[in-house]
Amino acid sequence: NAGVTQTPKFQVLKTGQSMTLQCAQDMNHNSMYWYRQDPGMGLRLIYYSASEGTTDKGEVPNGYNVSRLNKREFSLRLESAAPSQTSVYFCASSELTFTRSPLHFGNGTRLTVT
Amino acid sequence: EDQVTQSPEALRLQEGESSSLNCSYTVSGLRGLFWYRQDPGKGPEFLFTLYSAGEEKEKERLKATLTKKESFLHITAPKPEDSATYLCAVQAPGNQFYFGTGTSLTVIP
Chain A
85 NAGVTQTPKF QVLKTGQSMT LQCAQDMNHN SMYWYRQDPG MGLRLIYYSA SEGTTDKGEV
145 PNGYNVSRLN KREFSLRLES AAPSQTSVYF CASSELTFTR SPLHFGNGTR LTVT
Chain B
25 EDQVTQSPEA LRLQEGESSS LNCSYTVSGL RGLFWYRQDP GKGPEFLFTL YSAGEEKEKE
85 RLKATLTKKE SFLHITAPKP EDSATYLCAV QAPGNQFYFG TGTSLTVIP
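Sequence lines, in order, name chains A and B.
Under this note's numbering, the first residue of the first sequence is numbered 85, with each subsequent residue one higher.
Under this note's numbering, the first residue of the second sequence is numbered 25, with each subsequent residue one higher.
Simulated from the structure, these hints should not be mistaken for lab results.
Bear in mind the structure is a predicted one, so any value in this text is a computation, not a measurement.
Check the hints yourself; a few may be wrong.
The calculated lysine-lysine pairs, modelled on BS3-like cross-linking and capped at a C-alpha distance of 30 angstroms, are [stated by the list, open to error]: (1) B:Lys83 with B:Lys66; (2) B:Lys103 with B:Lys81; (3) A:Lys93 with A:Lys155; (4) B:Lys81 with B:Lys92; (5) B:Lys103 with B:Lys66; (6) B:Lys87 with B:Lys66; (7) B:Lys66 with A:Lys141; (8) A:Lys98 with A:Lys141; (9) A:Lys155 with B:Lys66; (10) A:Lys93 with B:Lys92; (11) B:Lys93 with A:Lys141; (12) B:Lys81 with B:Lys66; (13) A:Lys98 with B:Lys66; (14) A:Lys141 with A:Lys93; (15) B:Lys83 with B:Lys103.
Construct all of the structure, not just a fragment, from the sequences and the given hints.
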């Protein structure tokens with residue numbers, strides 16, 4: 085039981101390059117989330133998917149797109165990376181069926197944009 | 025505006041020196057308050073969920089409590105392996121989670 089798995093663990097991009105961050109969960113959770121974590125700012129929600137087939141914007145969606153490929157997988161795409169997108173990105177999942185269910189996080193992707 | 029504030033930002037304790045971390049919130053219609061532990065280079069690890077004022081949860085040397093406006097994470101006789109950043113998050117109606125910026129705890133042997 086791996087929980088939430090993110091790939092890659094580290095990535096360096098040049099400004100303007102694109103990339104996709106991958107996330108998969110094996111807990112049969114309905115909801116999945118993408119957060120970014122920056123020093124002094126805490127975790128901020130980029131996009132989330134309440135259930136398979138739906139996605140919604142969070143607090144900081146500009147410059148990102150997402151795809152809920154199936155119940156297990158939720159990817160985050162940067163179409164044209166900018167230095168402001170240098171951050172640590174965390175994917176999380178939760179069981180929406182049960183209210184008040186906690187988020188379960190992956191170990192993050194550390195992205196640097198030069 | 026919904027807000028979660030954690031204090032102190034950083035805390036250094038001697039091994040065995042008990043203390044408390046604070047999480048205050050202004051979220052309306054709280055669905056739950058969550059405590060997480062985050063080690064360097066890792067994702068947050070779930071510790072506790074608290075649902076209503078007066079509720080308490082315990083795990084080893086950690087005890088979490090909840091009032092109508094804040095939560096405390098009490099650490100009793102901490103050990104060096106308790107060193108980590110502790111995050112607080114609240115869940116509002118609509119399933120949104122709001123995170124605090126965390127308290128970085130260092131326990132010195």
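Hint by hint, here is what the structure shows:
no.	hint	verdict
1	B:Lys83 with B:Lys66	holds, 20 angstroms
2	B:Lys103 with B:Lys81	holds, 19 angstroms
3	A:Lys93 with A:Lys155	holds, 22 angstroms
4	B:Lys81 with B:Lys92	holds, 16 angstroms
5	B:Lys103 with B:Lys66	holds, 20 angstroms
6	B:Lys87 with B:Lys66	holds, 23 angstroms
7	B:Lys66 with A:Lys141	holds, 25 angstroms
8	A:Lys98 with A:Lys141	holds, 25 angstroms
9	A:Lys155 with B:Lys66	holds, 24 angstroms
10	A:Lys93 with B:Lys92	violated, 39 angstroms
11	B:Lys93 with A:Lys141	holds, 28 angstroms
12	B:Lys81 with B:Lys66	holds, 24 angstroms
13	A:Lys98 with B:Lys66	holds, 25 angstroms
14	A:Lys141 with A:Lys93	holds, 24 angstroms
15	B:Lys83 with B:Lys103	holds, 14 angstroms
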